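S.K.: Below are the chains, spelled out letter by letter.
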Amino acid sequence: MKRLSVIFLVLLMLAVPISALGKTTITWWINPWRIAPPGFPTDQAPTEEDFPKWAAEEFMRLHPDIEVKYVVVGNTEYSQKMAAAIATGTQPDIFKGPVWDTRWVEAGLLEPIDDYLTEEDLADFYELALDAGYVDGKHYIWPWNLGTNGMGTSMLLYTPDFEKAGIDWRKIVEEGWTMEEFVEIAKKLTWDSDGDGKIDHYAISFGAQDTHNLMNFIYAHGAKLINEDESKVIFNSPEAVAGLQFLLDLVEVHGVAPSGVEAMGVYDVIGNFHSHRTSIGFGGPYEIGRITRYVKSGQLPEAFYPVIAPFPHLEGQKGASYASASGFVVFKQKDDAKREAVMEFAKFLTNRENTALLESLIYLTARKSVNEILFQNDEYLNEQAQTFARIMDETGMEFFGSQSFPWSEISKFFTSAMQGAFGKTKTAQEALNGFVTEANRALSYY
Amino acid sequence: MIYLEQIPVKPIKHKTTLNDVWRGRSGYLFILPHFALFAIFFLVPVGWGMYLSMFKYNVFSQTFIWFDNYKRILSDWLFLKSLRNTFVYTFGVVPLWLGKALLVTVLIYPFRKGIRTFFKAAFYLPHVTSTVIISMIWLWVFNPNFGLLNYFMTVLGMEPVVWLGRSLTAMPSLIVMQVIMGGGSTIVLLSAAMASIPEYYFEAATLEGAGSWAIFRKITVPLLKPTILYALVMGTIANFQTFSNIYIMTSGGPEFSTTTIAYLIYETAFKNYNLGLASAMSMVMFGILVVLGIVQFKWLGSNVEY
Numbered sequence: 001m002k003r004l005s006v007i008f009l010v011l012l013m014l015a016v017p018i019s020a021l022g023k024t025t026i027t028w029w030i031n032p033w034r035i036a037p038p039g040f041p042t043d044q045a046p047t048e049e050d051f052p053k054w055a056a057e058e059f060m061r062l063h064p065d066i067e068v069k070y071v072v073v074g075n076t077e078y079s080q081k082m083a084a085a086i087a088t089g090t091q092p093d094i095f096k097g098p099v100w101d102t103r104w105v106e107a108g109l110l111e112p113i114d115d116y117l118t119e120e121d122l123a124d125f126y127e128l129a130l131d132a133g134y135v136d137g138k139h140y141i142w143p144w145n146l147g148t149n150g151m152g153t154s155m156l157l158y159t160p161d162f163e164k165a166g167i168d169w170r171k172i173v174e175e176g177w178t179m180e181e182f183v184e185i186a187k188k189l190t191w192d193s194d195g196d197g198k199i200d201h202y203a204i205s206f207g208a209q210d211t212h213n214l215m216n217f218i219y220a221h222g223a224k225l226i227n228e229d230e231s232k233v234i235f236n237s238p239e240a241v242a243g244l245q246f247l248l249d250l251v252e253v254h255g256v257a258p259s260g261v262e263a264m265g266v267y268d269v270i271g272n273f274h275s276h277r278t279s280i281g282f283g284g285p286y287e288i289g290r291i292t293r294y295v296k297s298g299q300l301p302e303a304f305y306p307v308i309a310p311f312p313h314l315e316g317q318k319g320a321s322y323a324s325a326s327g328f329v330v331f332k333q334k335d336d337a338k339r340e341a342v343m344e345f346a347k348f349l350t351n352r353e354n355t356a357l358l359e360s361l362i363y364l365t366a367r368k369s370v371n372e373i374l375f376q377n378d379e380y381l382n383e384q385a386q387t388f389a390r391i392m393d394e395t396g397m398e399f400f401g402s403q404s405f406p407w408s409e410i411s412k413f414f415t416s417a418m419q420g421a422f423g424k425t426k427t428a429q430e431a432l433n434g435f436v437t438e439a440n441r442a443l444s445y446y
Numbered sequence: 001m002i003y004l005e006q007i008p009v010k011p012i013k014h015k016t017t018l019n020d021v022w023r024g025r026s027g028y029l030f031i032l033p034h035f036a037l038f039a040i041f042f043l044v045p046v047g048w049g050m051y052l053s054m055f056k057y058n059v060f061s062q063t064f065i066w067f068d069n070y071k072r073i074l075s076d077w078l079f080l081k082s083l084r085n086t087f088v089y090t091f092g093v094v095p096l097w098l099g100k101a102l103l104v105t106v107l108i109y110p111f112r113k114g115i116r117t118f119f120k121a122a123f124y125l126p127h128v129t130s131t132v133i134i135s136m137i138w139l140w141v142f143n144p145n146f147g148l149l150n151y152f153m154t155v156l157g158m159e160p161v162v163w164l165g166r167s168l169t170a171m172p173s174l175i176v177m178q179v180i181m182g183g184g185s186t187i188v189l190l191s192a193a194m195a196s197i198p199e200y201y202f203e204a205a206t207l208e209g210a211g212s213w214a215i216f217r218k219i220t221v222p223l224l225k226p227t228i229l230y231a232l233v234m235g236t237i238a239n240f241q242t243f244s245n246i247y248i249m250t251s252g253g254p255e256f257s258t259t260t261i262a263y264l265i266y267e268t269a270f271k272n273y274n275l276g277l278a279s280a281m282s283m284v285m286f287g288i289l290v291v292l293g294i295v296q297f298k299w300l301g302s303n304v305e306y
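Order-wise, the sequence lines are chains A and B.
Take the first sequence: its position 224, counted from the start at 1, is 224 in this note's numbering, and no numbers get skipped.
Take the second sequence: its position 70, counted from the start at 1, is 70 in this note's numbering, and no numbers get skipped.
Worth flagging that the hints you see were computed from the coordinates, not collected in a lab.
The structure presented is a predicted model; accordingly, all values stated were derived computationally and were not measured.
Among the hints, a few may not be true.
[Unchecked claim] With a straight-line Cα cutoff of 20 Å, these simulated EDC-like cross-link-like pairs (lysine to aspartate or glutamate) come out:
no.: 1; chain 1: A; residue 1: K347; chain 2: A; residue 2: D335
no.: 2; chain 1: B; residue 1: K81; chain 2: A; residue 2: E438
no.: 3; chain 1: B; residue 1: K271; chain 2: A; residue 2: E77
no.: 4; chain 1: B; residue 1: K271; chain 2: A; residue 2: E438
no.: 5; chain 1: A; residue 1: K198; chain 2: B; residue 2: E159
no.: 6; chain 1: B; residue 1: K271; chain 2: A; residue 2: E353
no.: 7; chain 1: B; residue 1: K56; chain 2: A; residue 2: E353
no.: 8; chain 1: A; residue 1: K53; chain 2: A; residue 2: E409
no.: 9; chain 1: A; residue 1: K424; chain 2: B; residue 2: E159
no.: 10; chain 1: B; residue 1: K71; chain 2: A; residue 2: E438
no.: 11; chain 1: B; residue 1: K271; chain 2: A; residue 2: E106
no.: 12; chain 1: B; residue 1: K81; chain 2: A; residue 2: E409
no.: 13; chain 1: B; residue 1: K56; chain 2: A; residue 2: D335
[Said to hold, decoys possible] Pair by pair, the computed Cβ-Cβ distance ranges are:
no.: 14; chain 1: A; residue 1: K198; chain 2: B; residue 2: S244; range: 32 to 38 Å
no.: 15; chain 1: A; residue 1: Y380; chain 2: B; residue 2: W77; range: 49 to 55 Å
no.: 16; chain 1: A; residue 1: K224; chain 2: B; residue 2: W77; range: 39 to 45 Å
no.: 17; chain 1: A; residue 1: Q80; chain 2: B; residue 2: A121; range: 31 to 37 Å
no.: 18; chain 1: B; residue 1: F91; chain 2: A; residue 2: E302; range: 57 to 63 Å
no.: 19; chain 1: A; residue 1: K224; chain 2: B; residue 2: A121; range: 40 to 46 Å
no.: 20; chain 1: A; residue 1: Q429; chain 2: B; residue 2: F118; range: 45 to 51 Å
no.: 21; chain 1: B; residue 1: A121; chain 2: A; residue 2: E353; range: 54 to 60 Å
[Unchecked claim] Residues from chain B that keep clear of chain A, each with C-beta distances beyond 10 Å, as calculated:
no.: 22; residue: G47
no.: 23; residue: R116
no.: 24; residue: I137
no.: 25; residue: M153
no.: 26; residue: M194
no.: 27; residue: L223
Virtual Cβ for every residue (Gly too), placed ideally from N, Cα, C.
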């Protein structure tokens, strides 16, 4: 009996690896996307594991000869994890992170996807989404989402405050607002709530580490980050200085934004808007989804429904909005069969049905055909998504140069410049001069 | 007449041979597991780091450039500033934190065991709490608009301060936080060391008329010196490599006033993928720590009674 048990155990131990033999294993890294998979309870907030778990299992069900191993990689840790993985040759087969690096293409680490994109795909994906992965004449990204969380793209207006101050927010949403109008409206939205003689409610707030939203105001003043051939940073032009000075004045002269900008980041700004300390927040549909998600997870006591509006613009000029798209990249495969399997998985993730799952996160997708049917049962969200898409379409631009421009090498100098300007250790001109000097020095080493 | 102790004695130098190794094989076998782990997780990475530091190594391409990375960092104002910041942080935190630990140890020593244990546990608690959680709490304490510290400042009629947003206050704020939260393990170590000092030393000193300060200076501190030295060296090394609180609370800002070497290494290696340059920075940090360790042992360890 004892011998039989031992034989049974050994056979069992052998059975597992034998059953795995012949299966193609795909490793998939994805940053946290709290997407509700099909059939997910509506009264619960999805976790970052729910979507990748469902997608992996569903794909394995459709392709029993393929095993998908997913890893959720945090937004802040992915870069070191990927650096270590590339250095040791253990990178995943397919990856979706907050950003990707065109140096992966230059180093021959990625598979071009052109042979796998159909004519139908090319017609259906937004050009902006395809361009996001276009390097040296080839496409490297399977487009998935359009726009990011909307930081630097659009603003969120808390309409009850606007109505309380007698401001027509619908006009702002439809027609936009000039910088002068913005200042006047912001003054009306700044008040003392508890009557102690001190301002405790502001129109808006900023964070020195909240790059996208600050840059929008500077771009709207006509500034350019880099020259035509992307060899020099030129963000200290008179237009750039005027843009930064406008922001500084909102805090120091008009008093419509709280001080302490130099110590704040994007989550402080979001927190101020969520707690109604400010009437204007930042972001797109995703940020509306964040409100619902925070209510479900108990981080916010009650839901509210802001509207999406464009950033202000100079009189007679077009405003600016950060337009971007992202998707999945496939790392180089030695084995042809495995390459086919990974591409099949990428197609599965970015097909119409699965791309449409981004709706639960209130994200716009990279497919035109899917966006047409999003939020059809929710008039409010449908309206916000349409406004967001219109803003990007009319004023969308790339904030950080082309895919090959090394913004990550110089971003810290921009943050430092903002800290210096808002901390009043430097003037707007000095801060931007410092940024340009350091950025160009870093570029010369690059 | 020559006394035996007056004859100079030269230590017998004995060259270790393979035979000696063979004779002591059981001893070597005992230290082998530890040495293997030490070699794999310390010697090899340090050696590999030295090797990498001579490359322009950015995970995509590797070019051997001799000592160019060292030349670059030693002429880079940001590296020199981060070096200065690291020294300010370390030499700001370590003496205060060690002083606090020593003071707390002496103050709780006269209490009975239960009370002593309670205080030791209370001070040790932050040591077992995640740095991330502690940093998040302190971010709220230092928040310029609704932080606890500024609330008290306003109650006292003072102007609120942007603690982590100003170059002048950011580093001192981090130092204060570390001093308040740190020192738990040192208090436990010092308490254990203090308990081993024979009680009659204190009794004799008291009978001789020595006051508390004299007892502290002449008995307590000298007899705690080995433990203090250990805490000093370990504290210097740990604080010199500080990273997580900087990463969470200031990201090295404002205007790089809290960028430490460890944080700069992280940024260079994992944000910019420049592993060669980051390795050169690590080697400089390693060298400084070795020198600091030697200086501390030479300077403070000269009259330590073990």
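S.K.: So, for every hint listed, does it hold in this structure?
M.R.: Right, here's what the structure says about each hint:
1. A/K347 - A/D335: holds, 18 Å
2. B/K81 - A/E438: Distance ~14 Å between B/K81 and A/E438 Cα, so the pair holds.
3. B/K271 - A/E77: holds, 10 Å
4. B/K271 - A/E438: Holds - the C-alpha atoms of A/E438 and B/K271 are around 17 Å apart, at most 20 Å.
5. A/K198 - B/E159: holds, 13 Å
6. B/K271 - A/E353: violated, 35 Å
7. B/K56 - A/E353: violated, 45 Å
8. A/K53 - A/E409: violated, 34 Å
9. A/K424 - B/E159: holds, 16 Å
10. B/K71 - A/E438: holds, 18 Å
11. B/K271 - A/E106: holds, 18 Å
12. B/K81 - A/E409: holds, 18 Å
13. B/K56 - A/D335: violated, 31 Å
14. A/K198 - B/S244: 32 to 38 Å: holds, 36 Å
15. A/Y380 - B/W77: 49 to 55 Å: holds, 52 Å
16. A/K224 - B/W77: 39 to 45 Å: Distance hint for A/K224, B/W77 is violated at roughly 27 Å.
17. A/Q80 - B/A121: 31 to 37 Å: Cβ of A/Q80 to Cβ of B/A121: about 35 Å, so the range 31 to 37 Å holds.
18. B/F91 - A/E302: 57 to 63 Å: violated, 49 Å
19. A/K224 - B/A121: 40 to 46 Å: violated, 59 Å
20. A/Q429 - B/F118: 45 to 51 Å: violated, 58 Å
21. B/A121 - A/E353: 54 to 60 Å: holds, 56 Å
22. G47: About 16 Å separates B/G47 from the closest Cβ of chain A, which puts it past 10 Å; holds.
23. R116: It holds; B/R116 is separated from chain A by about 40 Å at its closest Cβ, greater than 10 Å.
24. I137: Holds: least Cβ distance 15 Å, greater than 10 Å.
25. M153: holds, 13 Å
26. M194: Consistent with the label, B/M194 stays out of reach of chain A, its closest Cβ about 41 Å off (over 10 Å).
27. L223: At roughly 45 Å from the nearest Cβ of chain A, B/L223 sits farther out than 10 Å, so the non-interface label holds.
In summary, the numbered hints that this structure violates are 6, 7, 8, 13, 16, 18, 19 and 20.
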